[in-house]
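Protein chains: 4
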Amino acid sequence: MEDLTKVAIVGASGYTGLELLRIVLCHPNAELTAVTSRSNADQKIDDVFPRFKKLPSSELTFIEPDMRAIAASGATIAFLALPHGTAAPFASELLQLGIRVIDLSADFRLDDANTYAEFYDQQHPSPELLDQAVYGLPEIYQNEIQSAQIVASPGCYPTSIILPLIPLLRDKLIDPSSISVSSMSGVSGAGRKASLPLIFPEVNESVRSYGLPRHRHLSEIEQELSKAANQSVTISFVPHLIPVTSGICTTTFANLTGEFSTISNSLRSLYKNSPFVRLRGEGISPDTKHVTGTNFLDIGWHHDPRTNRLILQSTEDNLGKGAAGQAIQSFNLMTGISPTAGLLTA
Amino acid sequence: MEDLTKVAIVGASGYTGLELLRIVLCHPNAELTAVTSRSNADQKIDDVFPRFKKLPSSELTFIEPDMRAIAASGATIAFLALPHGTAAPFASELLQLGIRVIDLSADFRLDDANTYAEFYDQQHPSPELLDQAVYGLPEIYQNEIQSAQIVASPGCYPTSIILPLIPLLRDKLIDPSSISVSSMSGVSGAGRKASLPLIFPEVNESVRSYGLPRHRHLSEIEQELSKAANQSVTISFVPHLIPVTSGICTTTFANLTGEFSTISNSLRSLYKNSPFVRLRGEGISPDTKHVTGTNFLDIGWHHDPRTNRLILQSTEDNLGKGAAGQAIQSFNLMTGISPTAGLLTA
Amino acid sequence: MEDLTKVAIVGASGYTGLELLRIVLCHPNAELTAVTSRSNADQKIDDVFPRFKKLPSSELTFIEPDMRAIAASGATIAFLALPHGTAAPFASELLQLGIRVIDLSADFRLDDANTYAEFYDQQHPSPELLDQAVYGLPEIYQNEIQSAQIVASPGCYPTSIILPLIPLLRDKLIDPSSISVSSMSGVSGAGRKASLPLIFPEVNESVRSYGLPRHRHLSEIEQELSKAANQSVTISFVPHLIPVTSGICTTTFANLTGEFSTISNSLRSLYKNSPFVRLRGEGISPDTKHVTGTNFLDIGWHHDPRTNRLILQSTEDNLGKGAAGQAIQSFNLMTGISPTAGLLTA
Amino acid sequence: MEDLTKVAIVGASGYTGLELLRIVLCHPNAELTAVTSRSNADQKIDDVFPRFKKLPSSELTFIEPDMRAIAASGATIAFLALPHGTAAPFASELLQLGIRVIDLSADFRLDDANTYAEFYDQQHPSPELLDQAVYGLPEIYQNEIQSAQIVASPGCYPTSIILPLIPLLRDKLIDPSSISVSSMSGVSGAGRKASLPLIFPEVNESVRSYGLPRHRHLSEIEQELSKAANQSVTISFVPHLIPVTSGICTTTFANLTGEFSTISNSLRSLYKNSPFVRLRGEGISPDTKHVTGTNFLDIGWHHDPRTNRLILQSTEDNLGKGAAGQAIQSFNLMTGISPTAGLLTA
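Protein chains in written order, with the working numbering: chain A, 1 to 346; chain B, 1 to 346; chain C, 1 to 346; chain D, 1 to 346.
FYI, nobody ran anything at the bench for these hints, they're computed from the structure.
A couple of the hints might just be wrong.
Given that identical chains are not distinguished, each listed pair holds provided it fits within a single copy or across any two copies.
Stated by the list, open to error - List time: in silico DSSO-like cross-link candidates among lysine-lysine, alpha-carbon distance up to 30 Å:
id : residue 1 : residue 2
1  : K272      : K44
2  : K193      : K272
3  : K53       : K272
4  : K272      : K54
5  : K44       : K172
6  : K193      : K54
7  : K227      : K193
8  : K272      : K227
9  : K227      : K6
10 : K6        : K54
11 : K54       : K44
12 : K44       : K193
13 : K6        : K172
14 : K227      : K172
15 : K44       : K6
Could you build all of it, start to finish, from the sequences and the hints given here?
As structure tokens, this is what we get:
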């Protein structure tokens, strides 16, 4: 019982916020004390979202995004599930109130405020906080996350792209200038909003790419790949929208610089003890069906001997390991409980 | 009325055969005189496939695949919608009976019987016929198709990959050694067969690649790309299965060797008069939704200036331009009627 | 060529309007001379809707809904694909300009302006026109449609419910007070609009009823059933939204008053020559898959001897026989051409 | 820890078995000691079903269905997820070995072996066991289940139909002879098997009814409704297959015999303390989206004053409350632990 942490969720009406809510309501070590939503303020969670009816704490009432009220609720950690630009000011206020922040927006993912301005078309709202923010990839920054005041939880595409590539770039097994990535994402990744291109008849029986050629997520992807390669890395990235509710499948092409046989060892040596990275093996094509609703990232790899390319495949739930699940992983690290608490589901 | 050609369809119970049947039943210049299916022999078309009920000729009865009966029906052109290996012997017999053949299998697509053996794991059944077979890409081989006795109608993935690349390789605008292709296909491409991995709950809410790293279609893709480049071309190709019934979306990465601005001209000069290739333009991401049920191939292209790569996008219906529609395009050419007869639908 | 009629479509940006556009662009006896859309005015059809690119007339430019411009274009028949309440004033103006009207809204479906007010929560905009409007069910009102100035094309649910029941009520084979109807509809039936409950993640993997207990379509359903029964008929009707783009499946329960064996004859004697009603037979459960994209209505029927109920099943495309296709059927009758012109597709 | 029960699952390769496996692997009070599957024998769970990889006990190896091996594993309760006819002999053997049985097949659901023979077209394999079997609806037979040696877990459709009707029939608020039911089910309900009508292109964009007019589930439905009404009840039931993976939506029509206002009280007085029945209220149409993956059954009800009918709506996951979840509810009762253990998820 001493392991029960009081938490708040700011912005719990989008798909990421709802997935956070779902995990938190069932988390053995979290007690939800405040939940905000402008559009649903003064309504009970289970009246707005009948899926949660009869779950513990589901009768909590949404409040306006008032950070003092959050502090008054006793919350010591707050999740921000808000658009970029909106999150930073709340984060700043929460920190001043002594509340640690796990931000699921892009506001604290980039080390450099100029890169933020370039990719997000606006000045960074709180550049003074960037130094203390930790990029929330638990497999890579476990120690930093444990003691962080602000965790910038990574984007969905970046998680699926970065994790398989980091060990290979660190070990110099692929040519960093040869990386091309094709990803397919479920529609929940586009957000929970009334939008004509997102209605069922427009998306169903359809596949299309979007956001070309400079998707915003490239900024954090290239930042982390460059760190791993210890040199500046630029990649090509094409995201596609496919008719599934959730799930990301990422296919990465890269030219091998070493022996293909070293790939397995490189991946295994970094991830063999990671509870949520599942190395499915050489010659395996992972399926999003096996990861939806979970916090797992599955990885398979293939050799194309005819072109001497490596073909990497990774799958995750864009709302799980790509967003809410990963944020809970950080929460578990920050509170010192079991790394898998609340997340070992299928 | 002198433009009415009697045709037969051999193997009309798979998805390709059914799409052929659909187009032929409504084609103003074709009269279906024979249709074969072992499993449906002696049953009427519209009893087996209620979708066709009340269409002209839909009360025709399926027969066993008997080539003499086809000849006796008066058919002068036969479509073969059969598995590879099965098609060639029928083709041979039909030719001897004086019937021209449009084969939708892979049996006559490769110039070289050895490549066939390598990719299809069996000796070619009729290598002596390869010389007279024409690869049925009407945009490229129009003249050859007009007079062909055997047309080898291209595969679905190859059509979506080859057509956008041919002008660019001919004009030496991209590096032939740098081509990586990621395609997404609807499930009808896997065939109409009872198969556990294809049942709805396995495919729905799922994305997965398959056939890595050496999909059979690579053989015809590389054959045609090598002709266009006038040098041997090897590519990486990753097909993915997505939960749509039909449609292929192909994303191709290639390093630019010339100016990006020349790409549009190259595509336009080859395809400006093609009735079924729609150049959607620079910066456009075509959507399979706009081509399903049609014979169109849509192409968009993007410059990734950060990596100096070209990103090509193409969409088609795997059963339409990728199979049955394209076969009808060849039929139109072979019979000297309007190139768009029976195919200008949306 | 004397059979070519100039037509206009008013409101061609919703799903019904788009399906009308699709059929008209390919119709051998129609020439589209004007097409209106407030939101797309001054843009070409194929720029807004790339699916239609390279079809004849697809480069026509959308205009504002200006009835005089429509008259100036030479159109002699206009289709109205507009919301109820909006259609009637345009219809009135078109009639005064000498243009016959096929209205796909609910504005002219009801004989009684009071019933309209009761079900549509507004006064009827043009009650003086109700007398001359013909309910556009070609199987029932063929003669009236041929000479009509205004055809009120029926709703999607009503078509699927009314057609199977009319002969049975006329022949007094079922108890008119015992009718309960459960229908399932594709999402295109809800319209092409940005609406949160219609976005893919909300509709996918979901089934739900809506509009209970007094759906607006009940007004025209009960009007036509009462005429058939020659007495006032009231029914229960539950529509459900299911994750398909188009298609309606209607299941109707009714207590038999006569022998079940008479059902077939009753249906056959009314519909045996109807080109678009396909009586699939006793014990058959029709599938929407066989009618999507077409103008067919398929009917099957079952006896439940344990309760002595009749179970009727009917399927159609809500945009086809349930809307645009049926409107074209009326167009064919009004212009005296083949009843199946432009509609015999699969 | 004294609350940890050793359990076995017999037949864990169908969708019901897999859902059981999913819940059991994460259940705080169950330890899986044996799992059988003929087709997967000698393989590890997580090699066959990668979704479960890295979950506790997921490295257990499938064995042949050997009841002695199950006993040797220490299991004291066994779940049977097998076809009807196959389950009974195993149940008999397990009981003799002192293992309590929760059977998810139809073998023990009917009190009367003759009714079984009539609906399942075969003699009952173990009629001598019928007396001791308890119908596993925890909301109705809680006490009996607690002490049962054999629990016959109800079918998916029956659960959704019976639960809303039982209080209303007990309280004589509806006419038992007037009940008609239209249900829509996801495809997982048809089983995990290679079957042409179940492959994605056949099911997607399709709705169809099936199993008319005498679906096997009618036998248990009418048995339980008759008990509630204290008279013989016969109903009409039409199941439909819709393109979702899981979820059942049931719409029930019945003539009211009392005041509509009494319906709410009747439902509330029976279910107000049931943890998994969620009375959503009058005028509410529940959505399967809110129950998939859970053990909840949601109920809404509507008055149709024009016909004086009651329209009941209920939703559940066919694999959850309709199968595996409900079986776990019985398990919780049989072992005396919290009724919601392992099941309070969203």
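How the hints compare with the structure:
{"no.": "1", "hint": "K272 with K44", "in the structure": "between (43 Å within a copy, 19 Å between copies)"}
{"no.": "2", "hint": "K193 with K272", "in the structure": "neither (39 Å within a copy, 35 Å between copies)"}
{"no.": "3", "hint": "K53 with K272", "in the structure": "between (39 Å within a copy, 13 Å between copies)"}
{"no.": "4", "hint": "K272 with K54", "in the structure": "between (38 Å within a copy, 12 Å between copies)"}
{"no.": "5", "hint": "K44 with K172", "in the structure": "neither (53 Å within a copy, 35 Å between copies)"}
{"no.": "6", "hint": "K193 with K54", "in the structure": "within (26 Å within a copy, 34 Å between copies)"}
{"no.": "7", "hint": "K227 with K193", "in the structure": "neither (35 Å within a copy, 45 Å between copies)"}
{"no.": "8", "hint": "K272 with K227", "in the structure": "within (21 Å within a copy, 46 Å between copies)"}
{"no.": "9", "hint": "K227 with K6", "in the structure": "neither (35 Å within a copy, 49 Å between copies)"}
{"no.": "10", "hint": "K6 with K54", "in the structure": "both (20 Å within a copy, 28 Å between copies)"}
{"no.": "11", "hint": "K54 with K44", "in the structure": "within (12 Å within a copy, 36 Å between copies)"}
{"no.": "12", "hint": "K44 with K193", "in the structure": "both (20 Å within a copy, 29 Å between copies)"}
{"no.": "13", "hint": "K6 with K172", "in the structure": "neither (43 Å within a copy, 49 Å between copies)"}
{"no.": "14", "hint": "K227 with K172", "in the structure": "within (12 Å within a copy, 36 Å between copies)"}
{"no.": "15", "hint": "K44 with K6", "in the structure": "within (19 Å within a copy, 39 Å between copies)"}
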